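> Listed below, chain by chain, are the residues.
4 protein chains.
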Amino acid sequence: MSSSWGERIKISIFGGSHTQAIGVNIDGLPAGEMIEEEQVLRQMARRAPGQDPTATARREADAPRVLCGLLEGVTTGAPLCAVIENTNQRSKDYESLRRLPRPGHADYTAGLRYGGHNDIRGGGHFSGRLTAPLVYAGALCRQILERRGVTVGSHVAAIAGEPDLGFHPVNVDKALLDRLNGEYFPVIDPAAREKMRERIEEARKEGDSVGGLVECAVLGLPGGAGNPMFQGAESLFASLLFGIPAVKGVDFGAGFLAAYLRGSQNNDPFYYDEKGDVKTRTNFAGGILGGITTGMPLIFETAFKPTPSIAKEQDTINLPEHKNDKLSVTGRHDPCIVPRAAPVVEAAACIASLELLAQSGLL
Amino acid sequence: MSSSWGERIKISIFGGSHTQAIGVNIDGLPAGEMIEEEQVLRQMARRAPGQDPTATARREADAPRVLCGLLEGVTTGAPLCAVIENTNQRSKDYESLRRLPRPGHADYTAGLRYGGHNDIRGGGHFSGRLTAPLVYAGALCRQILERRGVTVGSHVAAIAGEPDLGFHPVNVDKALLDRLNGEYFPVIDPAAREKMRERIEEARKEGDSVGGLVECAVLGLPGGAGNPMFQGAESLFASLLFGIPAVKGVDFGAGFLAAYLRGSQNNDPFYYDEKGDVKTRTNFAGGILGGITTGMPLIFETAFKPTPSIAKEQDTINLPEHKNDKLSVTGRHDPCIVPRAAPVVEAAACIASLELLAQSGLL
Amino acid sequence: MSSSWGERIKISIFGGSHTQAIGVNIDGLPAGEMIEEEQVLRQMARRAPGQDPTATARREADAPRVLCGLLEGVTTGAPLCAVIENTNQRSKDYESLRRLPRPGHADYTAGLRYGGHNDIRGGGHFSGRLTAPLVYAGALCRQILERRGVTVGSHVAAIAGEPDLGFHPVNVDKALLDRLNGEYFPVIDPAAREKMRERIEEARKEGDSVGGLVECAVLGLPGGAGNPMFQGAESLFASLLFGIPAVKGVDFGAGFLAAYLRGSQNNDPFYYDEKGDVKTRTNFAGGILGGITTGMPLIFETAFKPTPSIAKEQDTINLPEHKNDKLSVTGRHDPCIVPRAAPVVEAAACIASLELLAQSGLL
Amino acid sequence: MSSSWGERIKISIFGGSHTQAIGVNIDGLPAGEMIEEEQVLRQMARRAPGQDPTATARREADAPRVLCGLLEGVTTGAPLCAVIENTNQRSKDYESLRRLPRPGHADYTAGLRYGGHNDIRGGGHFSGRLTAPLVYAGALCRQILERRGVTVGSHVAAIAGEPDLGFHPVNVDKALLDRLNGEYFPVIDPAAREKMRERIEEARKEGDSVGGLVECAVLGLPGGAGNPMFQGAESLFASLLFGIPAVKGVDFGAGFLAAYLRGSQNNDPFYYDEKGDVKTRTNFAGGILGGITTGMPLIFETAFKPTPSIAKEQDTINLPEHKNDKLSVTGRHDPCIVPRAAPVVEAAACIASLELLAQSGLL
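Residue numbers (my numbering), protein chains in the order written: chain E, 64 to 426; chain R, 64 to 426; chain H, 64 to 426; chain P, 64 to 426.
Wrong hints could be hidden among the right ones.
The list cannot tell twin chains apart, which means a pair is met if one copy fits it or any two copies do.
What the hints assert, rightly or not - Pairs of lysine-lysine residues, derived as BS3-like cross-links and limited to a Cα-Cα distance of at most 27 angstroms, are as follows:
1. Lys338 / Lys389
2. Lys268 / Lys338
3. Lys338 / Lys386
4. Lys237 / Lys338
5. Lys268 / Lys342
6. Lys342 / Lys389
7. Lys268 / Lys237
8. Lys258 / Lys268
9. Lys342 / Lys375
10. Lys268 / Lys386
11. Lys386 / Lys342
It is worth saying that the hints were derived from the structure and are not from the lab. Just so it is clear, the structure is predicted and the values come from calculations on it, not from any experiment.
Just chain E, with the same shape it has in the complex (with noise of 0.2 angstroms):
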């Protein structure tokens, strides 16, 4: 079992969503970095909950306290663990889901893998309370890679079927991720997260849920950044955005459209620009050639699921009295994560950049 990942940048996730507390300890960062907290804060804003009126109405005080490994706000080399408290650790209907394990859920799964032991209470270490502190170690990272010219954004891309404006891939716009990466429900064009709210409002008043699409860019990368075959660009941010809960598809540059294209599109022609600097026309890569990066902008796209806990009556198991049976999921859940993963996204995808520049000897 392991929610640790990394080799350069090692991150450790711990805690459950009713355990005393939850948080991260980050192994790896450069020293003598400053960190503003203020900065941190605001993008643990983001997807915190109950900012919105499609979102639920619980409130979380995130605020991390730093145990170790900053000095007057300036990263000492050393591990830096931060610890977010949970104030509702005490749970009485949590049995129930040991009793029904809730489709979409890893209540089933996780009592298979750790022989019933697992705390089941509010999602347990499974919960997506846990991409907090994911939150917390990518703004740290975010910091350290601005200072290096790169910036990270996205944006909601579809809700339900309902479409935002894409990034342009070759002339992605800093200001434009700058604008992205301090919202919450990151949307390029206003007028479709209206949309995305009607196709989330819906769902809600139905009891049920929707998922959605999240595309991010990473600007600024510099070419030559990755490694060939397991450890490649793809590899490193796949297997990280994967353990965010309800990633169900990473696709990088044209991704799964690639397999409709021919090589004559697909391929993407270098040139050198008025600079003298190396650039592709088009980016179909997403930035990324044989796992290594070409220095245009990084992009992929992270498909959520839907929010797995709804209040519509669903089939499940009766596990002690080993029967079929119903279950409604009571208690107030996000009708759609996706607006809320946007942040969680960047975090990832933060972590990831500052490791492949780590472990290509670019930091």
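Starting from the structure of chain E, add chains R, H and P where the hints point.
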């Protein structure tokens, strides 16, 4: 730089298109496993070039030589290293690749990464030829899995937009998988293959290439295999699959489609079947919840970009002369690698499945 | 930089002498293991300072707070993170350490490594205080091991050249180990302890310090645990033991003495005992052959250098003034850390033993 | 099971005494490093058997064949795999080893670990022959280190209690290291070698064997290389050194002797030398404080047990007959492997030093 993968089943792939030899070292295979060489060679033959009117006419003699790790055909528990000789390691014309990097290839990015010292002949370590040792490693793992009731098979799900039928996500048929995993250019519906061949042939005639999709299923994995977060089943599979050259997208179960579904559709209801086993009525999860197997078929899809080597003239840069230039890739190249990619995807699935079981104490 | 260790049982230690807190995250503990808190605290008390007239008079309140990973005292299989608050994290006088690095300490080398950004207060992340979370982690592993018939114990084998009796290498007595692993300043022969205390007291009076040896035994490990070469039992134990501050030597069985023996003396003859079990008549191998356990007691010795913090005036450099200077380390420091190091060595042995079993599929 | 080591410079050693071939795959060597083959062969010759009247009369033709990773003698950055053919892989009499495991060998423990499937011929994967690819890998790293001003050398510090002079810990002489690292059976004082040879010859005549010590120095490492705790320089070196067959002890600087010293003796006072460089007046730390290099010579000692293969009759067990039995190991075996072990220790030191620099961003 790392062409190594895995924690319990560690594979290290080495070599390049024109080095003396290529191969793989596998550390961690369980001891006492009989390896049928003929079955290994059958898998390698599926990947070998030149089997098809639409494939390249090159011929490889890919008989691997096992240097160690087997004693009378049985694994000893010590590292198993197998080597495939390259017969065509002399090459005169590779310097042009350093001059004119091929669009869509790693020529340019590898040059950046390794300061121009990378072996560029035939793509070097980034060549598709490196999938031969991957298939070899997968063929060993496959035999170990089959002895434990696990079957892996795949089919070409689409080429140039021309689709095959899909797997039935709940009732994947073992007989079908066994048929597919013995075939070159495996498809469920033979009529689809004919249409795909037409698309490939059209592209070939125009000096162009096409991409496609491979859908793969792993049948018989027990429930409870996997880990939360970053070493979940999806992360494990994806990090290996994105190591296959030309893969630009991976999704599991409903995958990207999940972004269009409601929770009430995408959640797979649990039930007890007539034998008292836990099943799900649908399988949009692709057999994975919370990074852990459900016991239902594990299903994923992999997107391959079109072969970047095309005869059509393309724009590129002339590095020594520091100017824009033109390039037409000569030599014989597959106008579509997807048919040969299916056994490669299966190999990765076999390796990842064995690792998954080993990590979960289920081997 | 990495304060992480292990592949199956991953421990990450964080914090520094004067950070808000220190702690450890443990990923990979088997689920369903009851943890007796009292036994954990007993192990931590053995390491705590201020128990002895010859030890430092500082007081630590080392009660760890478990943030997650336990549910009603039972491991859940999720990462277990425990935190120990630092009560004395304010410190005025640490800047002198940056000016005048202490001989024998990491002040100077850490300054180089982290560009002067390292937290130097009380030694920072290099402080002996970091062994508290190590003992905590070891105490958990110890309980899991004991349930499987494995007992770990150690004694102070020498201080300032004053020796204790040694373990009987073949017939290590479980009752003896159980006595020792409950004691502060454990020795086999109580008379030896008195002589050692005299040596420590002599050094203390002179503002000096002394080093010593800890001999440790692991009883009850099954034969067949371990790996060849670089992940053999010796490598595994040594990599962890050398992570304990002040350890400068590790040997197994006859160890350095083996360099003086003949093969006919050092080879341990196998025989069947009356129960038909395989034993060796001697145990110069320390229970390990080829990196794999024999089933005989695993025995090793660890050398600790004298506490580098001494009151006696020492030569050092004045970094800002770039000149040679003098230093007398003030504050209360153990004139000998070896008595308190014994439980730390045992903790490392517990963690390494559990990892060894896990890697070998014997857990 | 793992014969792999390293994070940045990953080496995987494969093969056994009687497999078709043995070899090593090295992933992570910096690109653009010229490798002088002659110097590699010189290092391998130092380890080769049969050079000495007191060594075994077997002959190895250990010319490694580089399969990939070099282009015109220069590293490409891709994995470098080198293979050494075994010419004597046919063996009739190995089954006796499975019947009568040799005391002091891994025959018995490997049989337990791998369920009797291990290749037992000539010790299989546990054979000392596996140090040949280790020396090969070390010889590559040595050339890369020398280009960066780092020199590695060792001498046989003792055999059967007969000592050589030691390195001057502060003023290790580069010319001396260069002399030693070119010699078979390197000693500082040639007279010591004669006495050692007498001890070896005495043992040989009696069908017995002797052990010894190798002291090794690494000169020219910059200060500030290493990490705290478990990936400190000592942990890194020790985990590799204990992977060398027959090593039972490792210590750094004063090592075990530090247990007899006072702090005021063992602390190495810092001072500025006439050039303004930071030095220490003594070097009891062996060049490492807190796991990080000081810039002084890194010095360590490694203890080798006597060769377990001896002609003298020994007690052992008869496994198939489940009874106690006698064994006399036939064949030609070194009565002392220590002279040939010196280049192996140096090779490990070269690999560990390169990894240390790479991990610390100093390569």
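> Against this structure, judge whether each hint is valid.
So, going through the hints one by one against the coordinates:
For the identical chains of this complex, lysine 338 and lysine 389 are inter-copy neighbours only, at 20 angstroms across copies versus 65 angstroms inside a copy, given an alpha-carbon limit of 27 angstroms. Taking CA atoms no more than 27 angstroms apart as the test, lysine 268 paired with lysine 338 passes in neither setting, with 55 angstroms inside one copy and 38 angstroms between copies. Proximity of lysine 338 and lysine 386 under a CA criterion of 27 angstroms is satisfied inter-copy only: 12 angstroms between copies versus 70 angstroms inside one chain copy. In this assembly of identical chains, lysine 237 and lysine 338 lie within 27 angstroms of each other by CA distance solely inside one copy; the values are 19 angstroms within and 49 angstroms between copies.
In the homo-oligomer, the alpha carbons of lysine 268 and lysine 342 never lie at most 27 angstroms apart, since the shortest distance is 48 angstroms inside one protomer and 30 angstroms across protomers. For the homomeric pair lysine 342 and lysine 389, the shortest alpha-carbon distance between copies (15 angstroms) is at most 27 angstroms, but the shortest distance inside one copy (57 angstroms) is not. For the identical chains of this complex, lysine 268 and lysine 237 are neighbours neither inside a copy (38 angstroms) nor across copies (42 angstroms), given an alpha-carbon limit of 27 angstroms. For the identical chains of this complex, lysine 258 and lysine 268 are intra-copy neighbours only, at 15 angstroms inside a copy versus 45 angstroms across copies, given an alpha-carbon limit of 27 angstroms.
In the homo-oligomer, the alpha carbons of lysine 342 and lysine 375 lie at most 27 angstroms apart only across protomers (20 angstroms), although the nearest pairing inside one protomer, at 51 angstroms, exceeds that limit. When the C-alpha separation of lysine 268 and lysine 386 is checked against a cutoff of 27 angstroms, the pair qualifies neither within a copy, at 30 angstroms, nor between copies, at 60 angstroms. Taking the shortest Cα distances, lysine 386 and lysine 342 sit within 27 angstroms of each other only across copies (12 angstroms), while inside one copy they are farther apart (61 angstroms).
When each numbered hint is compared with the structure, violations occur for hints 2, 5, 7, 10.
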